[in-house]
Amino acid sequence: MTSFMPLTTVFPGLIWAMAALALVQASRRAALWRVGSAAPVAWLHGLAQVPRRYLVDVHHVVARDSYASRMHAVVAGGLLAASLLTALAILPPLAGSRAYWLLVAIAFAVTAAGSILVGARRYPAKQKRLSAGRFQILPFLLLAYAIGGTLTALLLALGAGGIALPFTLGLAAAGGLGLAFEVRQGPMRHAVAGALHLAAHPRPGRFEGRPDTALQPLDLEAPRLGAEMPADFTWNRLLSYDACVSCGRCEIACPAFAAGQPLNPKRLIQDLVAGLNPAEPPYAGHPYPGGREGQGERGPLARLIGPDARIHPDTLWSCTTCRACVEECPMMIEHVDAVVSLRRYQTLERAALPEKAIGPVTELRQAGDPGGRPLAARTDFAAGLDLPLMADKAHVDVLLWLGEGAYDLRYGRTLRALVRLLRRANVDFAVLGAEERDTGDLARRLGDEATFQALARENIATLAKYRFTRIVTADPHALHALRNEYPAFGGHYAVMHHTALLLELIRAGKLAPQKLSDLSVTYHDPCYLARYNGETEAPRAVLDAIGLSRVEMARSGKRAMCCGGGGGAPVSDIPGERRIPDLRMAQAAETGAGIVAVACPSCTAMLEGVTDRKAEVRDVAELLLQAVEAGR
Amino acid sequence: MRIAVLLSAGRHPVSGVVVLPRLEAQAIRIATGLAQACGVRDGLEAPYGLHAGPDAAAIADALGQGLARIEHIALGEDADPVPALAIRLAATAPDLVLAGRRGQGGGESGILPYALAALLDRPLIPDVVSVAPGEEAGTLRLNQSLGRGALRRVVVRGPVVATVHPDAPPPLAYAFGQARRGAIEPLGTIDPAAADTPVPAVAREERPYRRRPKLVKGAPTGGSAAERLKAATGESGSAASGRLLVDPDPDEAAREILAYLRGIGVVAPARSPRG
Numbered sequence: 001m002t003s004f005m006p007l008t009t010v011f012p013g014l015i016w017a018m019a020a021l022a023l024v025q026a027s028r029r030a031a032l033w034r035v036g037s038a039a040p041v042a043w044l045h046g047l048a049q050v051p052r053r054y055l056v057d058v059h060h061v062v063a064r065d066s067y068a069s070r071m072h073a074v075v076a077g078g079l080l081a082a083s084l085l086t087a088l089a090i091l092p093p094l095a096g097s098r099a100y101w102l103l104v105a106i107a108f109a110v111t112a113a114g115s116i117l118v119g120a121r122r123y124p125a126k127q128k129r130l131s132a133g134r135f136q137i138l139p140f141l142l143l144a145y146a147i148g149g150t151l152t153a154l155l156l157a158l159g160a161g162g163i164a165l166p167f168t169l170g171l172a173a174a175g176g177l178g179l180a181f182e183v184r185q186g187p188m189r190h191a192v193a194g195a196l197h198l199a200a201h202p203r204p205g206r207f208e209g210r211p212d213t214a215l216q217p218l219d220l221e222a223p224r225l226g227a228e229m230p231a232d233f234t235w236n237r238l239l240s241y242d243a244c245v246s247c248g249r250c251e252i253a254c255p256a257f258a259a260g261q262p263l264n265p266k267r268l269i270q271d272l273v274a275g276l277n278p279a280e281p282p283y284a285g286h287p288y289p290g291g292r293e294g295q296g297e298r299g300p301l302a303r304l305i306g307p308d309a310r311i312h313p314d315t316l317w318s319c320t321t322c323r324a325c326v327e328e329c330p331m332m333i334e335h336v337d338a339v340v341s342l343r344r345y346q347t348l349e350r351a352a353l354p355e356k357a358i359g360p361v362t363e364l365r366q367a368g369d370p371g372g373r374p375l376a377a378r379t380d381f382a383a384g385l386d387l388p389l390m391a392d393k394a395h396v397d398v399l400l401w402l403g404e405g406a407y408d409l410r411y412g413r414t415l416r417a418l419v420r421l422l423r424r425a426n427v428d429f430a431v432l433g434a435e436e437r438d439t440g441d442l443a444r445r446l447g448d449e450a451t452f453q454a455l456a457r458e459n460i461a462t463l464a465k466y467r468f469t470r471i472v473t474a475d476p477h478a479l480h481a482l483r484n485e486y487p488a489f490g491g492h493y494a495v496m497h498h499t500a501l502l503l504e505l506i507r508a509g510k511l512a513p514q515k516l517s518d519l520s521v522t523y524h525d526p527c528y529l530a531r532y533n534g535e536t537e538a539p540r541a542v543l544d545a546i547g548l549s550r551v552e553m554a555r556s557g558k559r560a561m562c563c564g565g566g567g568g569a570p571v572s573d574i575p576g577e578r579r580i581p582d583l584r585m586a587q588a589a590e591t592g593a594g595i596v597a598v599a600c601p602s603c604t605a606m607l608e609g610v611t612d613r614k615a616e617v618r619d620v621a622e623l624l625l626q627a628v629e630a631g632r
Numbered sequence: 001m002r003i004a005v006l007l008s009a010g011r012h013p014v015s016g017v018v019v020l021p022r023l024e025a026q027a028i029r030i031a032t033g034l035a036q037a038c039g040v041r042d043g044l045e046a047p048y049g050l051h052a053g054p055d056a057a058a059i060a061d062a063l064g065q066g067l068a069r070i071e072h073i074a075l076g077e078d079a080d081p082v083p084a085l086a087i088r089l090a091a092t093a094p095d096l097v098l099a100g101r102r103g104q105g106g107g108e109s110g111i112l113p114y115a116l117a118a119l120l121d122r123p124l125i126p127d128v129v130s131v132a133p134g135e136e137a138g139t140l141r142l143n144q145s146l147g148r149g150a151l152r153r154v155v156v157r158g159p160v161v162a163t164v165h166p167d168a169p170p171p172l173a174y175a176f177g178q179a180r181r182g183a184i185e186p187l188g189t190i191d192p193a194a195a196d197t198p199v200p201a202v203a204r205e206e207r208p209y210r211r212r213p214k215l216v217k218g219a220p221t222g223g224s225a226a227e228r229l230k231a232a233t234g235e236s237g238s239a240a241s242g243r244l245l246v247d248p249d250p251d252e253a254a255r256e257i258l259a260y261l262r263g264i265g266v267v268a269p270a271r272s273p274r275g
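Line by line, the protein sequences give chains A and B. Number 356 in the working numbering belongs to position 356 of the first sequence; there are no gaps in the numbering. Number 232 in the working numbering belongs to position 232 of the second sequence; there are no gaps in the numbering.
Treat the hints as calculated values from the structure; they're not laboratory data. Note that the structure is predicted; figures quoted are calculated from it, not measured. Every residue gets a Cβ at the ideal spot worked out from N, C-alpha and C, and that includes glycine. Check before you lean on any hint, since a few could be wrong.
Partial pick of chain B residues on the chain A-facing surface, computed with a CB cut under 8 angstroms [stated by the list, open to error]: (1) 12; (2) 15; (3) 114; (4) 147; (5) 151; (6) 154; (7) 155; (8) 158; (9) 172; (10) 176; (11) 177; (12) 178; (13) 182.
Required output: the full structure, derived from the provided sequences and hints.
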């Protein structure tokens with residue numbers, strides 16, 4: 001071999017061949033992404049941001065599993081360094097340097113060490129959440145490439161050659177070309193698609209410190225509403241699904257999966273990938289609970305949802321839109337957006353809502369309330385309290401948005417406590433009364449964008465009639481809609497959660513709570529406050545101001561588990577083996593706290609509905625009122 | 001199989017917004033289900049809506065709930081829709097005309113289907129909860145609600161008018177995309193004279209709704225709640241002791257009456273066993 005071409009050229013040539021093969025495989029894949037619909041992408045800005053997004057945002061997520069983080073640093077860092085260094089050896093001065101080849105050998109040795117870390121997660125026994133399939137050969141490919149590379153570089157560094165060199169080079173070639181081949185539909189796809197996905201992410205705001213969590217408005221004039229088949233997704237969404245590494249962090253976080261409902265976020269993303277490409281290798285992770293296997297046609301124009309298609313409708317309606325999967329995903333995939341796109345098609349084009357959800361959505365459309373209750377009855381909870389109406393006041397500081405919880409007897413108690421606190425602190429506030437319609441949150445999560453947009457426009461028109469400094473609400477779902485989703489329709493408001501306002505009043509000295517130090521409490525973060533809006537501190541600070549002894553649940557803050565009450569899941573009512581609120585109350589019971597503090601009407605309703613609960617469920621406002629009244 | 005669904009501009013009972021009445025939405029579900037069932041055998045024709053009134057926008061919701069096409073007859077504000085509907089239905093001759101058993105808002109007397117059936121000279125099957133194609137071609141099998149869950153099956157041949165009972169399956173969801181694709185066909189004024197025929201004057205009085213107490217005959221006033229419930233549902237007490245005799249022999253009927261009177265102590269017990 002050395003006779004007609006020096007090995008110092010063949011070895012870097014291998015790397016160039018790998019790069020070429022990877023490029024071919026990636027472009028074959030990219031041809032599939034192009035079937036997706038158009039999406040505006042700021043390419044230059046995106047590509048420039050990739051290193052920062054990878055090293056900061058992605059790292060934050062990956063580092064939650066410190067083993068995975070170290071493994072990636074060693075194996076990916078080593079792989080890149082060794083490959084780049086070797087590729088540069090086509091330059092004659094480098095190829096001739098023994099010190100240089102020693103450096104290359106060290107880089108390959110680091111890769112080899114990393115490959116063993118990769119293998120240790122899969123052999124002798126695979127970690128449960130990981131997928132098997134083609135991922136199982138990844139450690140061997142990596143090892144072959146790394147060991148082959150190390151030995152070849154070492155031999156070149158030592159100046160030795162002869163009979164061993166072709167074998168070591170052959171080993172490196174087998175591993176290296178194998179890795180490059182896997183870029184199309186194997187484990188290495190995540191590296192290429194992931195990097196591109198970081199550049200072309202559909203929600204760039206996520207990397208700029210904004211909680212970019214609002215659902216994107218749907219053009220109701222579009223020829224097809226929502227996503228029926230893979231080609232209906234924008235191309236960068238299709239790309240994002242290909243970035244999935246099947247690491248299974250989403251399935252561990254998913255409350256519906258934990259409850260045994262037929263949803264597994266990993267499987268859902270993999271079904272979207274498999275739906276796009278009929279040649280996709282079979283899925284090798286945990287199935288949807290209930291064991292249903294994907295079936296039906298595949299391809300860019302194949303129907304995705306249906307009892308006889310890849311994804312069963314029940315899978316779609318099990319999602320609580322809690323974003324736990326999105327929060328956990330190291331590849332920054334937006335699972336909830338995919339679910340809502342698919343739901344939009346089902347609802348707007350096929351009227352295929354779950355039977356039990358039809359009533360609430362119809363009432364929302366016709367009466368402005370999911371229960372079809374008279375809007376004027378929303379303030380019934382305040383019987384005996386003096387509740388000023390916006391219509392009677394020209395200008396207020398705080399517009400109190402009551403939300404759907406006001407109709408609920410249990411949550412009415414919370415709102416009474418809140419109103420009494422506002423009165424005591426002399427806050428200048430008023431409510432809309434009969435003019436307040438539902439924000440349309442439920443309709444939007446269930447895919448009924450038309451009803452949501454109609455309600456949003458009506459509410460924005462109502463709010464435009466009045467002057468107020470800020471909106472305060474005790475309902476994080478209303479807060480999210482008003483704060484993050486109404487701006488797209490022309491409604492820009494300063495919206496606060498009631499816990500943030502209460503904290504402000506305590507800090508301003510307008511509320512003077514006594515210490516209730518004999519109570520122990522654990523705080524349950526509502527998804528729409530913590531994950532959707534990043535607000536986890538104010539409610540805790542209020543609880544601390546009361547002097548309660550506060551213990552945290554294993555899952556808290558932005559990684560808290562859902563109560564099961566969001567995304568229309570309670571009205572869809574897809575059966576599972578367990579109930580999500582039961583699981584959450586069991587987690588609360590593990591802390592031994594006597595009180596579960598809540599700050600959301602849905603959470604209150606779901607958690608109070610748990611039978612045999614060991615702890616009391618109290619809203620932060622109720623606890624604060626108790627502490628303030630203890631001071632009299 | 002041609003199916004027409006009569007549509008009216010109803011009002012939401014709580015919000016007062018103009019909506020498609022629930023009963024008519026249920027009628028659409030029955031109609032689409034029947035069309036699907038017939039599609040295989042009799043050749044599919046999509047059910048369509050028919051509305052006579054001043055404004056077609058009021059019934060546009062029906063397009064999102066399963067109808068692809070609605071015929072609209074323009075009428076004056078207070079005109080009687082019956083003659084115009086009858087002329088149109090006589091012309092198109094649908095095999096089945098479905099209507100709500102009463103409107104929702106407005107006059108809502110529930111008389112329209114009867115007046116229409118009389119004008120068209122067709123039978124009217126009231127309070128239908130489901131319709132299926134009959135075993136013989138050209139027949140329909142209708143299930144009628146008799147209240148309290150009791151059903152009666154009726155098999156009819158030939159064109160009929162049927163009204164829908166609230167116990168029918170709930171309406172389909174509203175699909176914005178389908179509504180966008182659906183079409184309202186203005187038919188203009190069918191009979192110029194009819195357009196201004198005023199609705200026959202009926203003495204009407206409006207009163208606020210009041211829930212009326214439900215009277216339970218023969219319910220004991222004392223006892224536990226369970227006992228009162230049993231008495232009311234006929235599991236015990238006087239309601240349970242009745243016996244139904246259909247077309248009995250006069251002798252047997254008399255004996256039965258005497259036995260009952262003795263049973264409740266009105267007539268003294270027989271002194272000696274009868275021979």
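For this session: Tell me if residue 151 of chain B is really an interface residue toward chain A, meaning its C-beta lies closer than 8 angstroms to one of theirs.
Result: 21 angstroms, violated
Problem set entry | Hint status (Cβ of residue 154 of chain B to nearest Cβ of chain A, threshold 8 angstroms) | Status violated, d = 27 angstroms.
For this session: Let me know if the C-beta of residue 114 of chain B comes in closer than 8 angstroms to any C-beta of chain A, holds or violated.
Result: Not OK, violated: residue 114 of chain B not within 8 angstroms of chain A, min 28 angstroms.
Exercise. Does residue 12 of chain B meet its interface restraint, that is, does its C-beta lie within less than 8 angstroms of any C-beta in chain A?
Worked result: 5 angstroms, holds
Exercise. Is the interface hint for residue 177 of chain B satisfied, with its Cβ closer than 8 angstroms to some Cβ of chain A?
Worked result: Check passed: Cβ of residue 177 of chain B comes within 4 angstroms of chain A, closer than 8 angstroms.
Exercise. Taking the least C-beta to C-beta distance, is residue 172 of chain B closer than 8 angstroms to chain A?
Worked result: 5 angstroms, holds
Exercise. With a cut-off of 8 angstroms, does the beta carbon of residue 147 of chain B approach a beta carbon of chain A closely enough for the hint to hold?
Worked result: Hint on residue 147 of chain B: violated, closest Cβ of chain A at ~23 angstroms, above 8 angstroms.
Problem set entry | Given hint residue 182 of chain B near chain A, where the shortest CB pair must fall under 8 angstroms | 12 angstroms, violated
Exercise. Holds or violated: is the Cβ of residue 155 of chain B closer than 8 angstroms to a Cβ in chain A?
Worked result: Violated - the Cβ of residue 155 of chain B stays beyond 8 angstroms from chain A, reaching only about 29 angstroms at its closest.
Problem set entry | Interface restraint verdict for residue 158 of chain B against chain A (beta-carbon cut-off 8 angstroms) | 32 angstroms, violated
For this session: Tell me if residue 178 of chain B is really an interface residue toward chain A, meaning its C-beta lies closer than 8 angstroms to one of theirs.
Result: 7 angstroms, holds
Problem set entry | residue 15 of chain B as chain A interface residue, shortest Cβ-Cβ below 8 angstroms | With a closest approach of 4 angstroms, the residue 15 of chain B hint holds.
Checked against the numbered hints listed earlier, the structure breaks hints 3, 4, 5, 6, 7, 8 and 13; every other hint is satisfied.
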